[in-house]
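Here are the chains, one letter per residue:
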Amino acid sequence: MAAGGAGGNSGRTYSFKVVLLGEGCVGKTSLVLRYCENKFNDKHITTLQASFLTKKLNITGKRVNLAIWDTAGQERFHALGPIYYRDSNGAVLVYDITDEDSFQKVKNWVKELRKMLGNEICLCIVGNKIDLDKDRHVSVEEAESYAESVGARHYHTSAKLNKGIEELFLDLCKRMMENAQAEERLKGNGASQSASSRRGVQIVDDEPQATPAGGCCSSG
Amino acid sequence: MMSQRRGIHLDQSELLCKKGCGFYGNNAWHGFCSKCWREENQREKQKQIQEDWALAERLQREEEEAYASRNQKAQSQPTITPFNKFEERKTKEKSSKVHTVTKFFIPSTKTPPRKDAASLDTQSSPSPSSSASRHSSVDSDHATREFIDFLKPLKSGREIFKQCRAFTETMVYKRDMAADELSECVQDFYQNLSDRLQTQFKGSSDHVESIMDEVEKYMMTRLYKEVFCPETTDDENKDLAIQKRIRDLHWVTIEMLCVPVDEEIPEVSDSVVKAITDVIEMDSKRVPKDKLACITRCSKHIFNAIKVSKKEAASADDFLPTLIYIVLKANPPRLHSNIQYITRFCNPSRLMTGEDGYYFTNLCCAVAFIEKLDGQSLNLSTEEFDLYMSGKASPHWPQTSGASSSSPGGTAFNQVHKRLDLLTGLGERQERVIEKARQLESDLIDWTDEVEQKVQSVLESFSPEAQNPAATAASGTTSAASSAIDSDNVENELLPPPLQPQVFAG
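Here the protein sequences line up with chains A and B, keeping their order.
Residue 97 in full-length UniProt numbering sits at position 97 of the first sequence, and the numbers go up by one each step.
Residue 187 in full-length UniProt numbering sits at position 187 of the second sequence, and the numbers go up by one each step.
Hints are computed from structural coordinates only; laboratory data are not their basis.
Some hints here could point you the wrong way.
[As the list claims (entries may be wrong)] List of simulated lysine-lysine pairs, DSSO-like, C-alpha gap at most 27 Å:
1. Lys274(B) - Lys244(B)
2. Lys56(A) - Lys372(B)
3. Lys289(B) - Lys55(A)
Kindly generate the complete structure, drawing on both the sequences and the hints.
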């Protein structure tokens, strides 16, 4: 289900959904605005909103449509997380390197995501605001070793200085593509070798063949 | 002459109502009087309706039998027979229901002493329903025509249409299925069709998407009645529950939700109103895509409101609270049903990655938040929250001081009050102006009186000189007047002598 809509054929466009999670004020919005529109604290506001942004990429000759979903970071909306990250291919978990609490929040998110979505989802842990390195409260070693322990990658970024952001998303896209391809191969081996005919079945994979009605009506 | 002949031809009895009730009849009412015609007409209508029902039932039974036999032939599944039996029982139940409905109608027409209002009621009650069904059929006919027009230029158009129509027709018989299964069927169909379009007809993904949009539009316009808020679910109860919940939460303010919107700015309050209108409008659309478009428009207005208030692009941190606030203010009709309908029958790719999907997800979040809302999420203590919920207290009361009392309307009420204050101020000023004007008027009158008096007195004192030339000019004056002139002259002599210039030495 997670790779749904991804299509997956080498000639086709991948489309991925990525959620941005993290406490309020860690710079989620700045990060994504910088990435998609190359703007930071721009006084000339041309963009109406920074909560849903898309980016088209071309990675090793394959087209990728990236849809980035910002989420409300306030604590009171924490419980709504599952509605946001359902069906997403990747998650970017942002914390502020000057704020120990925000890193703690990231840990909570990781736990929740792994519990709900398993290993299907690509996790990126991002320490933002490295321009404020002198006020650092989360040590590099701690963050990186934690990321490794949960199977996530760790990145350092600065939306203000535009550092590390391109790399973060490019890396994430590559990993999501690998995931999608691996899943596809699994499907191909499992169901039928001629992987050309019935690819999209994976979307309704939840109900294993429970709907003969669907089959009969499309044929009749 | 003509009229005379006609008069001869007509008998008095011919003019009267055919029923012989003693009133005059009318050609337009087939010779009945208005009252008898209404009764007669209604009876005929009932008969017609019953016949139609009978026909519809018969057709449905035939079709179902055909469908069942086809199904059994197509795939000899053991599960299909009990299901069909179940369906038959359902139709039986339905037909019995129909009978009770007709029974309900018949006595009402037969009861002779009924008031006009009641008869009007029974008369009008069948017509709206029939017009509604006609309207819906017109709608779906329209959708069909549009769909055919859209498919015409495509080389695979005929096949697509055939498949869609066949599928839509089979769906009608499945209305007793659980909503999730219906959704499953439709989603399967979407998936299969789009797969086939991609592989068999080699369409580009954009092209396939546009075809799928039309397919969705056509199918959902036709199936709307069957699958929106179906009886098999408790969607309706949930709709009511949410509606009540939102009504109970009328006291929630912008400040509690930390909504970054300043409704004092006219453009912002305008956007807020538009957002509310759009989210309410969602219920009136039939196609999931159109419903989503309403949500998207609502969201765009919200973004505009945030942008104008905050002078920066809206992030999700701003957007979600504002959306919650809008939903609370709008209390959109059948919110739960609409969300379920979109989730079940919308093209999945749009919901998963598209922009519409994002806004829809946010709406789902807003609803989930409203459902679970407690004191903590509004930064209130539990006691306060309970008090507000029970209506024993309002967050507006403690803040109020004198004139600037505000109620659930919040800022709007504040504005109204400000304007009212302004108006009363203006009124007072006007009164003062009027008073001053009156005073001025009376002053003027007094002044003219005074002037008149003065003039009079001056005239009195100087009248001989003043009147003398006048008197001579009039040439008809009495002797008394002349004597008066003389007496004045005498008085003149009494006056002190004119001042002489004096020279002071030194």
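* State the violated hints by number, sorted upward, taking the hints as numbered earlier in the document. => Violated hint: only 2; rest satisfied.
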